[in-house]
Amino acid sequence: MDHIVIIGNGISGVTLARHIRKLSDKKITIISAESDYFFSRTALMYVYMGHMKFEHTQPYENWFWKKNRIDLVNGFVEKVETDAKKLVLKDGSSISYDKLVIATGSKPNKFGWPGQDLNGVQGLYSKQDLELLEKNAPNNKVCNRAVIVGGGLIGIEMAEMLRSREIPVTFLVREKSFWNGVLPAGESAMINEHILEHHIDLQLDTNLEKIISDDNGRAKAVVTDKGETIECNVVGLTAGVTPNIDFLKDSGIELGRGVKVNRFLETNVKDVFAIGDCAEQHEGIGSRRPIEAVWYTGRMMGEALAQTLCDKPRKYTPGHWFNSAKFLDVEYQTYGWVFSERSKKDNEQHFHWRHLSEKICITVAFDKDSHQFLGLNTFGIRMRHEIFDQWLTENRDIDHVMTYLRDANFDPEFYKLYEEEIVAKYNADFNKNISPKKKSWKRIFSIA
Amino acid sequence: MGNFDRSMSLAGEPPKALNTGQKLAVLMGMTGMGILILQLFNLNLGNTALWLSVAILAIFTGIIWFSQAAYAHKQKGIKNDGVWFKSISSRGVLAWMAGIALTGFYIVLYFYPEYLGLVKDGDNTGLIALFDPLSKGLSGNPASQWFVYGTMYTVAILAFGVKFIWKYRHNKYEQLRTVSVMFFQTAFAFFIPEIMARLNGDLPYYDLKNMWPLNYYNFERYRINGFIDSGSVGMTMLFFGIISIFVISPFLTYKYGKRWYCSWVCGCGGLAETAGDSFRQLSDKSKFAWKVERWVVHSVVVFVTLMTTAVIYSYLGNDTSKYWLTKTVFISGVAFILTAVFAWVMIYKREELAKDAKYGAIGYFTIIVVLIGMHFFSDSGNIFIFKAETLRSTYSFLIGSIFSGVIGTGFYPILGNRVWCRFGCPMAAVLGFQQRMFSKFRITTNGGQCISCGNCSTYCEMGIDVRAYAQKGENIVRSSCVGCGICSAVCPRGVLKLENGPEKGRINSKDVLLGNDVDLMDLVNNK
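Just so you know, the protein sequences line up as chains A and B, in that order. Per full-length UniProt numbering, the first sequence starts with residue 1, numbered consecutively. Per full-length UniProt numbering, the second sequence starts with residue 1, numbered consecutively.
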């Protein structure tokens, strides 16, 4: 019987294990040095903020693993010997495998800043990072100010976490507007405003030069490229993540930034696979990047590879792009592709609507010539994934999206509806005469 | 002490700390409580109407002030910072103290009302005397322990209702729902019965929204007599009580799920959602707790059905010439209704039931066998050896007092705010059964957006592991769901939506979520 060994107990590794168990009786072992049981990394922020206890981040009760015959090993893999099909752990023990899956996720980027390894300087990715932050910034007496470097999703989450303990936060963002490499200008500007509303000292167009140490090797201040010195006790490095694959250097497995895999998630070495954040496609699929450090892509790779490992070879074929995030109090969802001004192609045109007073807006991307609907960003209005997925599959045009926008609304009952306003603005902007259709259960559920 | 600060101090660091406004507000509310507590010791304060007003106003204002200090200066959004750090909301020392105090209060209320100042055949003293002016103003009668309790209950729902609305000021569903429970408590549970008592002294006290089997005593002999003796008003109320459970409630539950009752109308639900909101995260989400829940709550349904049947049976006659509803007609009617429900479920809803079917069957047959036994082996309403009255008083003691009051509310700070609703309420079980089998209500999961963070499960007061469904892309169709909407509110990714839609496809099951390629979804889901 095949012994499948998975390194990493995150969402991709665990999804893979669950699906292999559904399909087969193979022996499954998951190795992790981070935690005994699978937990949801995305929820770590809520533990620090006191919304949840760590145990609440664990999606399965502890008996689940034994019941499903998934062996859990708490250990750190130091070496992979692909010839002997063997793993060597830090404690000297070894584990043999028939099939090996690398699902080790990411680690925070460090770009060689002076002082980046001082005490009090940390990223926010792992359970250990959370424990470290609890030590570095338990309250605003111990941590008088924190500086966060890097204006992405983890940066803004870290700012929110620290603010929940009323710790003053300075947020250094390289870009001229928050996350504007991804978000179109109107949305990015709205989030800038929202960050300020939360009393976060947002410094745009500002880079970190160096971190200054005190006498004990602790960070005591940062210096920015504007020449400003900011005193602080904690520096959060949140300038993106990079695959966590150092232990594979001499394994003979082909590495780029991540573990190089083909569409079947196979590496260059037979019986060795990679999934999740640490896997790097030889070429990006569609408009996706070769490395996708996203929760649901990790899950989908797990789902796909389980089929392959159970003798039903399946390519990893992600469907239409989607994602979501929350910026402090503003929820964000995206379906299809909406590119920022920085990266959008010539044919991509945007329709943007923003509420007069609330932090609510949407941007719809469409093809300038064919008017084909390309994607939508929505802030403060929830939308139905299934509906957009279908519209994208059917190559609908933007007029269709505007006409039936009400079907896509996923806000809780009794929420104020904005479709009328949105469509009125669309009609005015593009000289159209569309009247929005009422919501139809029939249309909605013929899809879902 | 470890890393945890188990002190009872209200200080500590943010988000655990209370700000100055909150501290002063606590002081004000506690002053109001203090006045009431002093009354327990029969301190004669003089002008009772004045002191009662001062006490209630201080409590009410204290709670509103606290809410204002807690939420007004913050951006609207989810306000759960520090919930698991605060002693009161994380089973800390304060929570235990509050739990013990509440439990003690319920024990005195149910079993030793004389300590509250209740005097039979004489003027009340102590705390109850303090409420006499208000009671006399409303119904004309002196206060009882139940009037004191009802008044405080209403004050709690109103004041903490305002707090809840403030907390969820970005969420229209939560606001409307809360306004609704505040209205039903104030009008239906508090004012209308008092005023009806003033207008017609023979009418039994009747909170119209409180239907059987939650209102387990509704069909007892003294009440039936009271209804009948009060002429057409009484008969209308009796009729309303019967169609509530057999017509109105099934219809509304079909259309909207049991939430129309449990989190929009019900008084128990009203208290849980307002005063109990700070404890919703304490409910047990384990699979074991779910198993216990199903056994216990359905046993209560069996118990209440038997008890009510036995009680009604015991006072009916045998002579058809006197009244058409005789013991035989009644017992056959009950057996017929139960058989009809059972047959309908077995024939049309077998798939929804799955393995729960056999438990349902056991419950059903228990009732039928006992009913038949009751009819043929006894002639005075005994069930074998138990008298109907014994059954009634046992139910009233075990379920009506201990379970719903002492445990149900007294243990809020330890077991969560819906212990009664989840494990004990027969009404919730009946509505839940229907919600699972025959309703348009579901919580829809939004495609592949779930990130398994667990906020939904943590804040589900009914202990449903919402995430277990959401992360599989499955709709949540659970009999215990009271539709409070908090899972949807706390979800950071907009994954959950309470809605009433077509029954087809309501219960779905997906192995692969939306987002992966279509072939893989077909392959796995249609295997």
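Hint data in this document are derived by calculation from the structure and do not stem from the laboratory. Possibly wrong hints are sitting among the right ones.
The calculated lysine-lysine pairs, modelled on DSS-like cross-linking and capped at a C-alpha distance of 25 Å, are [unchecked claim]:
hint	chain 1	residue 1	chain 2	residue 2
1	A	K437	B	K172
2	B	K472	A	K27
3	A	K141	B	K23
4	B	K440	A	K442
5	A	K416	B	K472
6	B	K472	A	K442
7	B	K79	A	K326
8	B	K209	A	K127
Bear in mind that the values here come from a model prediction, so they are computed numbers and not experimental data.
Q. Does K440 (chain B) pair with K442 (chain A) here, judged by a C-alpha cut-off of 25 Å?
A. holds (14 Å)
Q: Would you check the hint for K416 (chain A) and K472 (chain B), treating anything up to 25 Å between C-alpha atoms as holding?
A: Given pair K416 (chain A), K472 (chain B) is violated - Cα atoms ~29 Å apart, limit 25 Å.
Q) If you draw a straight line from the CA of K79 (chain B) to the CA of K326 (chain A), is it 25 Å or shorter? A) holds (15 Å)
(Q) Tell me if the straight-line CA distance from K472 (chain B) to K27 (chain A) falls inside 25 Å. (A) This hinted pair holds, its Cα atoms lying about 24 Å apart.
Q: Compare the distance between the alpha carbons of K141 (chain A) and K23 (chain B) with 25 Å, and conclude whether the hinted pair is satisfied.
A: Since the Cα atoms of K141 (chain A) and K23 (chain B) sit roughly 21 Å apart, the hinted pair holds (cutoff 25 Å).
Q.
With the threshold set at 25 Å, check whether the alpha-carbon distance from K209 (chain B) to K127 (chain A) stays at or below it.
A. Between K209 (chain B) and K127 (chain A) the Cα gap is close to 49 Å, so the pair fails against 25 Å, i.e. violated.
Q. Regarding the pair K472 (chain B) and K442 (chain A), is the alpha-carbon distance no greater than 25 Å?
A. Distance ~24 Å between K472 (chain B) and K442 (chain A) Cα, so the pair holds.
Q. Do the alpha carbons of K437 (chain A) and K172 (chain B) lie within 25 Å of each other, as the hint requires?
A. At roughly 23 Å apart (the allowed maximum being 25 Å), K172 (chain B) and K437 (chain A) satisfy the hint.
Consistency with the previously given hints fails for numbers 5, 8, ordered from lowest to highest.
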